[in-house]
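S.K.: Build the full structure now, drawing on both the sequences and the hints.
Take any residue in the sequence shown, note its place counting from 1, add 55, and you have its number in my numbering.
Accuracy of the hints is not assured; some may be wrong.
Straight-line alpha carbon distances no greater than 16 Å define the calculated EDC-like cross-link-like pairs of lysine to aspartate or glutamate that follow [what the hints assert, rightly or not]: (1) Lys127 x Asp164; (2) Lys395 x Glu423; (3) Lys166 x Asp258; (4) Lys395 x Glu254; (5) Lys145 x Glu118; (6) Lys382 x Glu135.
Okay, the calculated beta carbon distance ranges per label pair [unchecked claim]: (7) Asp258 x Thr472: 28 to 38 Å; (8) Val360 x Gly204: 53 to 63 Å; (9) Asp458 x Ala416: 21 to 31 Å.
If you're looking for bench data, these hints aren't it; they were derived computationally from the structure. We put the beta carbon where it would ideally sit given N, CA and C, even for glycine.
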Amino acid sequence: MELNKTACLPTDKPCKEFVGKSEKRKTWKLSLESEIPQTYEPCGFYSTKNSNIIIESAWLPYESDNGEVALKPSLIIKTESNDKSEIQVKEFLVKDLGLNIRGTFPNQDLKTLMSVNAVKTLLDNKPIDTKTVDLEIDQATKRHIEIGGKRRIVLKRWIEGTYFYDVFDAFPILNIMGVSESGKSRILRVVQAMAYHAESVVDPSPASIFRSKEEDHVTLCFDEAEYLNDPSMNQTVRVLINASYSKGLSVPRYDEIDGKRVKRNFNLYSPFAIVGISGLEGVTASRAIRIVSERANRDYPVAKVEDYADLRDKMYVLRFQEAFRLKQIYEQLDISDIVKARFVELFKPLFALTKIFGTEAEYEALAEWAKEYQSVFRVEALNVAEEEQILSCLAQLQPLPDDWFSLKELTDKVNLTFSRKLSYQRVSQILMRMGITERRKVKGQTQFRVSKDDLELVAKRLGIELAEAEPKTDKKQLVDLFYRLRA
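M.R.: This is the structure in C-alpha cells:
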C-alpha cells in the first residue's frame, strides 16, 4: 500500500484534530508594574482612582429562542470616569462580566430587591426628583404612624440613607424604643416596606445575621429585641450588631465548596434597625440613633412591602443617579460646629442626605435635634468614654497643695456623677494611660499629680472640653446656705 504523502506535508499550523487543551491555555508572565484588578461584590458602591462604580442586583426576565421566559440573576453596573457615564445590564452567571465580581447573589425571595420597572426607568434615563420622593416618604410615615416633626425627619432620612449606606464610612443603627403598645413595631414595618433590601427578623442566630448581610446586603429589621441588653446572653449577636455600624469588619468562616474547605469573609456592613422597649445600651447605644415611639390616639393601617414597590423603585434609580454627588457632599461636609467626636460620624450621613433630599429648614431642625441628642446622651453617660468622664470630674476638683489630687475623691466623684462602679485601680490605670503618671502615698491613700496646664493639654489631645472647677465652700457659706434653704 502506498502512503498518502500529502497528509505528511510540513506546515506551521497544527491540524485542528490534534490541537490539545494546552494550546488554548493563557500564558502568564510576571508583571510587577501592572495595576492589581479590584474585586467587586454583586451589590456595592466603589470609588477608585480612575472611576466610580455602582453595582446593583436584580432578577430579570430572559427569553429563549423558542419564546420561553426565565428569571435570571443580573447585574446593573454604572461606571463614571472622565465625565463619561455608562450603564450596563449583564447576566450574573456569564463568564465575561468585564469586572472581577465575587460573592453570592441576593436571594430571589427577597421582595425588596430592585425590580424590572426600576431597571426600565434607569435605562430610559428618566430623571427622578429627590424632593418629590422625600415628600412621598414623608406622607407615607404620616399615613402609618404617629411621629413628630424632628423625629419624622430623622426617620425618613435614615430610610433614604439605606440606599446609600455604602457611600458612607459608617451608617448609624436605628434604635426604635418606647413603652409597650406605643407603635414601635409599626415604625419598623414602615422601614421594612421602604428601605433598601429590607428584611424583618425575630430572634436571629449569629449565622443568619452575618450570612444575610454578606449574601443579601440586607437592611435587617430586628423586632422584639428586649433580651439584647442581658450581659449573660447573646454576646455574639451584640458583637455582630456593633460591627455592622462601619466599613471594614467581617466574620471569617470555613465553608465546604465542591468538597473543599474554603475560607470566606462575611462582610457585616449594612443597615440595622432594632426595636425594643428599653432601648440599646453600652457600646451598641453609642453606634445608634434613638427614635422614641408614642402611643397614638387612633388606629393606623400597617405598612406593607407590596404597597411601596413604586417608591422603592424610585429610590433604586436615585441610588444610581445621586450616589456620586452624595459622596462628594459627604466628604466635604463639616458638622463639627453642631456635634463633636463620635456624634460627627454618627450624624454626618443624615446631614449629607438632607443636602440632597431635604430643605434648609429641615437641615436646621436636624442640627437642633442632633445638639439635643448629644446633650441627652452625655447627661445619661450613654456615649461618654471613661477618659472623658474622669477628666471632666477631675477638672471640677480643687487640687491639694502643689497640684496633687486624691485618687479616692476622684473615683467617688466619677461613680456618683455617672452612676458607675469604677475601682480605684481602674481609675488609676486610665490616668496612667492618659499620661498622668506621678503618684505618692499619703497616710495609706494614693494621690496623683497633674497641673492645670497639663490637664488642659491631655483634654485637648483627646478632644474633650473641660468644665470649670467647682469653687471651695467654707463652713460659713454652708451655714448661710442652710438658713436660706430653710427660709
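S.K.: Evaluate each hint against the coordinates.
M.R.: Hint check results:
1. Lys127 x Asp164: Holds. Lysine 127 to aspartate 164 sits at ~13 Å (cutoff 16 Å).
2. Lys395 x Glu423: Holds - the C-alpha atoms of glutamate 423 and lysine 395 are around 14 Å apart, at most 16 Å.
3. Lys166 x Asp258: Distance of about 21 Å is beyond 16 Å: violated.
4. Lys395 x Glu254: violated (33 Å)
5. Lys145 x Glu118: holds (14 Å)
6. Lys382 x Glu135: holds (13 Å)
7. Asp258 x Thr472: 28 to 38 Å: Given range 28 to 38 Å: holds, Cβ gap about 37 Å.
8. Val360 x Gly204: 53 to 63 Å: violated (27 Å)
9. Asp458 x Ala416: 21 to 31 Å: violated (50 Å)
In this structure, the hints that do not hold are numbers 3, 4, 8, 9, in rising order.
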